[in-house]
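Undergrad: Read off the chains here:
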Amino acid sequence: MSRLRSVFKGVAVVAAVLMVVNLYMGLIRAPDPSNLQTEVTRKAQHIFYYHMGMNVMAGLGMSVNFLASLLYLVMRRRWLDVVARSAAEIGAIFGIGVLASGSLWARPTWNTWWTWDPRLTTAAITVLLYIAYLMLRNAVEDPNRRARFAAVYGVFAFISVPITFLSIRLWRTIHPTVFGGGNAGAKGSFALGPTIHQAFVFSMITFVFVFLAFLLLRVRVAMLEDHVATLREQVLIRMSKGAEV
Amino acid sequence: MRRFFSATWAIFWKDIRAEFRTKDIFTGMFIFSLLSLLVFNFAFDLRVSNVRQVLPGVIWVSIAFSSMLGLNRSFVLEMDRGSLEGILLAPVDRSALYFGKMLGNLVFMVAVEVVLLPVMVVLFNVNVLTPSVLVFVFLGTVGFAVVGTVFAAMAVNTRAREVLLPVLLLPVMVPVLIAAVKGTANVLDGGTLLEQGDWLRVLLAFDVIFLAVAFMMFDYVVEE
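First to last, the sequence lines map onto chains A and B.
Per numbering that gives the first Met the number 0, the first sequence starts with residue 0, numbered consecutively.
Per numbering that gives the first Met the number 0, the second sequence starts with residue 0, numbered consecutively.
Treat the hints as calculated values from the structure; they're not laboratory data.
Some clues are possibly wrong.
As the list claims (entries may be wrong) - Short derived list, chain A residues pointing at chain B, Cβ under 8 Å:
#1 L59
#2 W78
#3 V154
#4 V218
Stated by the list, open to error - Label-pair ranges, simulated between beta-carbon atoms:
#5 A:W112 <-> B:R20: 48 to 58 Å
#6 A:Q197 <-> B:D92: 53 to 63 Å
#7 A:I204 <-> B:G190: 41 to 51 Å
#8 B:V121 <-> A:M51: 45 to 55 Å
#9 B:P130 <-> A:W112: 36 to 46 Å
#10 A:P142 <-> B:M0: 51 to 61 Å
#11 A:W113 <-> B:A42: 50 to 60 Å
#12 B:P117 <-> A:A228: 53 to 63 Å
#13 B:R93 <-> A:A228: 45 to 55 Å
#14 B:G85 <-> A:L69: 24 to 34 Å
#15 B:F64 <-> A:V6: 45 to 55 Å
#16 A:L69 <-> B:V207: 11 to 21 Å
Using N, Cα and C, we set each Cβ at its ideal position, and we do this for glycine too.
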C-alpha cells in the first residue's frame, strides 16, 4: 500500500511540475500566430494548448470508462468499477472544460460563444451522456447493482458517440445553408510553426500525465472511502455488541 | 429455439393482455401526445407560415415524449406488483424477457402513432400518411423501443425512476432523432425515399447495432 502511495504521489508531482512548465511554454514561450488578423485572436489562440489538452483528458477518461465498464461486466472486480467511475468524472469535468475554453476562444475568433457546428454539438451531447452516467450512479444505492447499471450505460454511451458525430456531420453537409456554406473549422485556424508545434506536443504529454495523476488520486480517494465505510461498520457492530452486554 | 420464441411470445402477450384490461399505457401515451400536439399548434401556427417546416419536429417530439411515458410504465408495473422476480425465476433465457418487453413497448408506441398521425393530418392539413414518412416513423420508433427497454429496466431500479429515464435515454437517442427528423422533413418536402439513403442507413445502423448491444447487456441489468 505504501509503495502504491508513493507511485501515486510521484505521478502527481511529475504532473504538477510539467503543468507549470506547460503554462510557460503555451502562454509565454509560444509565439502569437502571425497569420491571424487581430491582436485579440492572436492572444486567444494560446487557449488552444489547454483546450486540446483537456480534450485529450476527456477522451482518455471516456475511453478508460468504456474499457473498465466492459472489463467489470466480465470480471466483476470492484476496483474496475472504481476506475470506471473516476474516469467518467474526469471525462465529464474536462469535457465541460473543453466546451468552456472553446467558447472563450470562439468569442473573438468566430464572433460568437457557440455555434451548432458538428464538432461542438457532438462534444456537448457527449458531456451530457457522461453527466447522465454520473446521475445514474447517484440514483442507485446498492453498490453491486450501481456498478452493473453504470457499466451497461457506459457501454451504450461510448458506442453512441461515433454514430452521433456521423449523423450530425451528415446533417450539416446535406444542408450547408444552416451553416452559411463555409467550413467553420477552417475559420481562425493557424499554421503549426516549429515553436508552436513544440509547445503543442509538450502540452499533450503534460495533460496525459495530469490525467494519470487525477485518475490515480481519484481511485485512491475512492479506496479510502471504502476503507472508512468498512471501519465504520466494524465500529457499529462492536458498539451494538457492547450494548447487549 | 422454439422454447425461446414461445417464452418471448408469452411475455409479449401478457403485456398486451394486461394493457387490454387496464388501457392505462395506451390512454396515457395517446392523450399526452394529443396534448403536446395542441401545445405545438398554439405555439407555432401564429409564427410559421410553412407548417411543413415545423411538422417533422412536432411529430418526433410527440413520439419521443409519449414513448418515454410508455417505457416508464412497462417496468414500473412489474416492480410494484413484484412480478419481475417471478418472471426472472422462470427457467428461460433472460433475453426472452428483453425481446418480449421490447416488442410490447414497440406495439404500444406504434398503436399510439396509428391514431396520432391521422389526427395530425386533420390538425395541420398536411398528408403525413405517405409510405416514406411511415418508414421513417417506424425505424425511429424501433430505435426508441430497443434502447428504451434496457434503460427503463435500469431506471425502475433507481431512486429517481421516472425522472431518470429521459435523462438517460435522450442523449443516446440523438442520432435517431436527427436522422428521423431530417428524413421525415425531406420526404415531406417532396423527396423520395430512395434519395434519403443516408438517413435510412443511419437509422438502420443504429437499430441493428443497439439491438445487438441491448441483447448482450440486458442480462446484466436483470441479473439478481
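Undergrad: Work down the list of hints and note, for each, if the structure agrees.
TA: Status of the hints after comparison with the structure:
no.: 1; hint: L59; verdict: 20 Å, violated
no.: 2; hint: W78; verdict: 18 Å, violated
no.: 3; hint: V154; verdict: 6 Å, holds
no.: 4; hint: V218; verdict: 23 Å, violated
no.: 5; hint: A:W112 <-> B:R20: 48 to 58 Å; verdict: 54 Å, holds
no.: 6; hint: A:Q197 <-> B:D92: 53 to 63 Å; verdict: 58 Å, holds
no.: 7; hint: A:I204 <-> B:G190: 41 to 51 Å; verdict: 49 Å, holds
no.: 8; hint: B:V121 <-> A:M51: 45 to 55 Å; verdict: 53 Å, holds
no.: 9; hint: B:P130 <-> A:W112: 36 to 46 Å; verdict: 43 Å, holds
no.: 10; hint: A:P142 <-> B:M0: 51 to 61 Å; verdict: 37 Å, violated
no.: 11; hint: A:W113 <-> B:A42: 50 to 60 Å; verdict: 24 Å, violated
no.: 12; hint: B:P117 <-> A:A228: 53 to 63 Å; verdict: 57 Å, holds
no.: 13; hint: B:R93 <-> A:A228: 45 to 55 Å; verdict: 31 Å, violated
no.: 14; hint: B:G85 <-> A:L69: 24 to 34 Å; verdict: 31 Å, holds
no.: 15; hint: B:F64 <-> A:V6: 45 to 55 Å; verdict: 50 Å, holds
no.: 16; hint: A:L69 <-> B:V207: 11 to 21 Å; verdict: 20 Å, holds
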